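As they're listed, the protein sequences go chains W and F.
Using my numbering, read the first sequence as starting at 1 and increasing by one per residue.
Using my numbering, read the second sequence as starting at 719 and increasing by one per residue.
Quick caveat, the hints were computed from the structure, so don't treat them as lab data.
Errors might be hidden in some of the hints.
Stated by the list, open to error - Taking lysine to any residue pairs in the SDA-like style, the calculated list, with each CA pair at most 20 Å apart, reads: (1) F/734 / W/257; (2) F/734 / W/579; (3) W/649 / W/563; (4) F/734 / W/254; (5) F/734 / W/261.
All figures in this text were calculated on a predicted structure; none of them were measured in a lab.
Listed below, chain by chain, are the residues.
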Amino acid sequence: MSSPPQISVGSSSDSALPVVSRTDAFPVVLLVGNPNVGKTSLFNALAGMRAKVANYPGITVDLRKASLHVSAVDADSRCQATQTVELVDLPGLYSMQTASPEEDVAARSIRGELTGRLHEPPNAVVVVVDATNLSRTLVLASEILELNLPTIVAVNLIDSAEANGTQIDFDALRQKLDCPVIPVSARKGRGLAELREAIYELTQPEQKPLPISRGSCVAGCQGCPFSARFQWADDVTNQSVRQGTRGQVQLAWLDRWLTSPALGLFALLAVMLGVFFLIFSLAGLPMDVIESVFGMVGEWADQALPTDNSNAVLYYPLAIGGTLALFALAYWLNETKWNKWSASIAVAVALLVAVLPVDDFRSLVIDGVIGGTAGVVVFLPQICILFFVITLLEDSGYMARGAFVMERVMRRVGLPGKAFVPMLSAHACAIPGIMAARTIENWRDRLVTILVLPLLTCSARLPVYVMVTALLFGDDPMRASVLFAAAYLLGITAALSSAFLLKKTIVPGEAAPLVLELPNYRLPSLRNALLTTLDRAIVFLRQAGTIILLISVVLWGLATYPKMPESEMPADEMQQAAAQLEYSIAGRVGKVIEPVFAPLGFDWKIDVGIVTSFAAREVVVSTLSIVYGLGEEGAEDGGLIETLRRQTKPDGTPVFTTATSISLLVFFVLAMQCLPTQVVTKRETGSWKWAGFQFGFMTLLAYGGSLIAYQTLTAMGY
Amino acid sequence: MASVQTSISVLAGARKGFYQCVDVDASGQNAIRLKRLGICAGRVLELVGQGDPMVLQLGNSRIGLSRQLANFVSIAPAEALLPGPVAQDALCS
Ligand SMILES: Nc1nc2c(ncn2[C@@H]2O[C@H](COP(=O)(O)OP(=O)(O)OP(=O)(O)O)[C@@H](O)[C@H]2O)c(=O)[nH]1
Ligand SMILES: [Mg+2]
């Protein structure tokens, strides 16, 4: 088994890196605290929308950072001194003794052991603690305080502590902790000015603080150091907090239900069904809107693009400028810097585009760029809705109960209960699912979860499901929906059984047993959910705008070249596109691999669809529509289904028999046909090895599954 | 260390109620994961939901704990051990 992606610290490759001294840069301020105390909320409240997800070198974890202006509070705002600091939102951690890669990153950032900007200890640390659970969250604070860094303790969630009737004596707390203590509410925006001022005070360059030396609560203690810290935190809390109990007890009965073995599972099932119902009932309209907008853009491009390049003065600047603009947009989205290489690539492609025949240029823009992007962006509503609901559920504290009740079920196949949240996300898109797997502490468990996640039905599979169900049971919604549900179930079953097989083979061992904090129920924040959803949408569009655009253009090239000579073109216009496709690289590959897929009941035309959907599975529908001679538009109206039904083999029997259709469905449920997911798997596991393995085992699974389905069904006479 | 105590038992088999944690016999990551959430020698915990996983209440926080980990945790009834030798040993003055 392999080890987690290395966070390189002090390795030989590091010393080769130029070490930027931070003296001339902005002071770095870290937001530190237990998970779920509101660090990210506080970060958003302080930084507003200026937050930017940064990928620090050598780290696989995204640390959010933002430039923040802090100032001394002064009556006269004109002569107010200000200072810019770099605020970094760290992953939550329970202790400086870490148990997960993310905690490790957080702990190392605090100690200044990372490369780049975080190679030396921060200029200041804001320890965020939870006012409603001070005794627990102060434990980490005691560890941080002992590091003797300039420290501020921000007591967050003060609003809900007050709502409970809890009273906190901040002067006593300041005295005990020996550092500035500031009550804040990230949600209500309270105390932010005071916090800014405290940050300003601590980051003044001329005020180099004397070496701080705070007493250690574990000094001279022989027992368990954790126990001593807990005791210290209890003592501090007892001396400064009068605990209120308002609004706490009412939910105990709810928790008893939601964590009980039978009812809890039942509730979880209901919640999941509710989520899916929301996705399907609400996403339809915006998806239609997106489709028609892209349709309009395509039509507009069709009209606006020149049909001949005789007007060279206009045509060449247009083609070159347009391509360069597109590159600029993609680079900007992808945060690629303009340098010698990226600029040469952009210029070379722009020149290449300019010398393309005019018809090809038009087709590149309309089919490749616009069509390719549309095919992906159309899933945005489903993804947004899913994340909105998941964030609300996470905020409310329910998700931890979900993981709790799933623990017993998931353990059987070697997955931790916590894998349930990534698995839910993966039903929109595997990529955010894989990212959500970061909440799983244990590396083995996280790896298994990542490997099986892409088997769950993501929204890109839906067009294929829709096509096949319409093909088989177009006139019978009842049976169509049963087939649809069966496809989902097949994905879930495949994921769970693959996890089991992995446990028995290459990723041996049991899932790390559960020990999980069940946070108090909280009223979820709409603002937080909207911000998270926006974040996810941007990440997704960034993918669509870059990698997927690239894939679409490459596929377009494979399906367009080489050109069929005019003399061989069939007269019928409908047939021309199909003939050209057959002549192209994609078509030839389809023919070559026909024998491979013949046992699954696929002919070479379906194979072309399999080939083109290698990098993005949803492409298969438009490809099939081209191969079967409908042109691009055919896919939209019901034409495709009718055409597919009419297709016959050379011997006169239909191509899309029940057996072939089901086999195609099974293949798309199980196959790994998504290049962006592979890229993310590589990033999160730290090696192409696991991405390659994922591709291999899913392809085998898909082939085997389809083979069994096809052969069984044909034997039964379907 | 606390072998003289007859009332010491394992958390995995306990009924609902208040207990004091006497010892955590886990090693490596499991030990850290338990202790940093407050399941460590000398701490008082309440078992509020039996089963696998079980639900514990530690001060203000609720913790879900699998039986497998609960097997590492030895406990004594809360009253019996306060103030006992173990508690003294684990606390700081
Ligand atoms: N009532 C109230 N809720 C808050 C406040 N700040 C944060 N929350 C809620 O606390 C929960 C956790 O907030 P996050 O900002 O995600 O916490 P975090 O510390 O970043 O958590 P991790 O990233 O998991 O470590 C969310 O449900 C927030 O809506 C606050 O001041 N008042
Ligand atoms: Mg956070």
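Starting from the hint list further up, note which numbers the structure goes against and sort them upward.
Numbers 2 and 3, in rising order.
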